[in-house]
Structures are given as C-alpha cells and as structure tokens.
Amino acid sequence: MSDTPDGTVVVRIGEVEAYKGSDDPASHAFRGRTDRNGSMFEAPGTLYVYRSYGVHWCANVAAGPAGTGWGILFRGGEVSDGKSLAQRRRGRLDGLTNGPGKLTQALGIVGDDNGTDLLAPESTIRLEPGPGPELVMATPRIGISKGTERPWRFVAATGLTPAG
DNA sequence: ACTAAGATTACCT
DNA sequence: GGTAATCTTAGTA
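The end of the first sequence is residue 1486 by the numbering used here, with every number in the run present.
These aren't lab readings, by the way, just hints derived from the structure by calculation. Cβ coordinates follow ideal geometry from the N, Cα and C atoms, glycine included. Among the clues, some could well be false.
Said to hold, decoys possible - Below are the DSSO-like pairs computed for lysine-lysine, each with C-alpha atoms no more than 30 Å apart in a straight line:
1. 1468 / 1342
2. 1342 / 1424
3. 1424 / 1468
4. 1405 / 1424
To be verified - Ranges between beta-carbon positions, derived for each pair:
5. 1453 / 1366: 15 to 23 Å
6. 1374 / 1470: 14 to 22 Å
7. 1347 / 1415: 33 to 41 Å
8. 1480 / 1355: 18 to 26 Å
9. 1366 / 1414: 15 to 23 Å
10. 1481 / 1420: 15 to 23 Å
11. 1481 / 1432: 33 to 41 Å
12. 1468 / 1420: 23 to 31 Å
13. 1448 / 1471: 32 to 40 Å
Take the sequences, apply the hints, and build the full model.
Structure representation (structure tokens):
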C-alpha cells in the first residue's frame, strides 16, 4: 500500500542463477572479458546489464573477486513496494517480475545502468540485505545448453519441500 | 564478410 | 504450441 512517492520499486529477489566465469561454459564470461561482459569482471556488487535475444535487458551482479567474472543473474522476485510504478513500466498489471527480462524492466534498469555499484548508498539502483528464505531449492539453470548438469538456479521457498 | 546461436518475452492460431 | 523481435559474440571463409 505504501507506494513510495519518489518513484521507487522494491523487489524481494526470490530466484537467481549463478554463473562461474571461466569455469562455467554457460557463462557469458566463459571466454574471457569482452566489451559486453566487462562489468562482470569488476568488483563484487557491480551491476552487469546485457541485452537478451536483442530485445530485453537482463540484470546481474558481479559476485566474485575482481577479475573472476563470476556473477548472479536476477531471475524473479516479489514487488514489495512501488507496485503501481512497476505496473506502468511493464505495461500490464500482472507478471511483473516472474522472469529476468520482466524483473529488470519492472526495476527500470536499462543498458545505461551497466557498471553501477549496487552497494553504494548513493546509487539509485541498490542491492540491500533482507531476511533470508525459509528454504532454498536448487535446480538446473533455465534456457542454457551447456553446463546443464550444475544445479545453480536457486529459488526461495517456504514450508514443505516439493516432495511433500 | 556472413551466418548461427543465444542466461527471453509477448502475441498469434 | 509456434513465432517474431533484433543485439552481441563466435565460428567460418
């Protein structure tokens, strides 16, 4: 209910995927640093934004020591504040953050935001700590053809396991 | 220089 | 279930 008046969208991230740089054939950083993936090689906390399928923006955070190219892709979450702004950005009322491109659009992140320090208090785009999930489910990552044997997609859950 | 393949989404039948 | 949209990198010539 408490939409922030200054136009802020807050999302509780509930689904991520890990990409381990040169050790991970599914990673954009597997073959080393390029113009596109450079920010993933910066200090941990640096935002890496890439154009997906030539159409959507997807957002990651550099998550390893500088130079490693390790990163975390934000895939989904729940809007906890600023829902009306997220709806306006998405152009619809539902399905606001259930996918990497959708989540990024709901947060208003675009290519120009690539390289932002998500841990700096003055950044307009920030990553902040919050209460952890009750349960984390690990599954293979979505939409990749290599490295599928690694269960590096992590989904927040509560209550009982899928098996019951 | 040219072609193929993507860490996806929305809209069509 | 199928497909268009259309940017970047890698592989081939």
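Cross-check of the supplied hints:
no.	hint	result
1	1468 / 1342	holds (13 Å)
2	1342 / 1424	holds (23 Å)
3	1424 / 1468	holds (24 Å)
4	1405 / 1424	holds (13 Å)
5	1453 / 1366: 15 to 23 Å	holds (21 Å)
6	1374 / 1470: 14 to 22 Å	holds (18 Å)
7	1347 / 1415: 33 to 41 Å	holds (39 Å)
8	1480 / 1355: 18 to 26 Å	violated (39 Å)
9	1366 / 1414: 15 to 23 Å	violated (34 Å)
10	1481 / 1420: 15 to 23 Å	holds (19 Å)
11	1481 / 1432: 33 to 41 Å	holds (36 Å)
12	1468 / 1420: 23 to 31 Å	holds (25 Å)
13	1448 / 1471: 32 to 40 Å	holds (34 Å)
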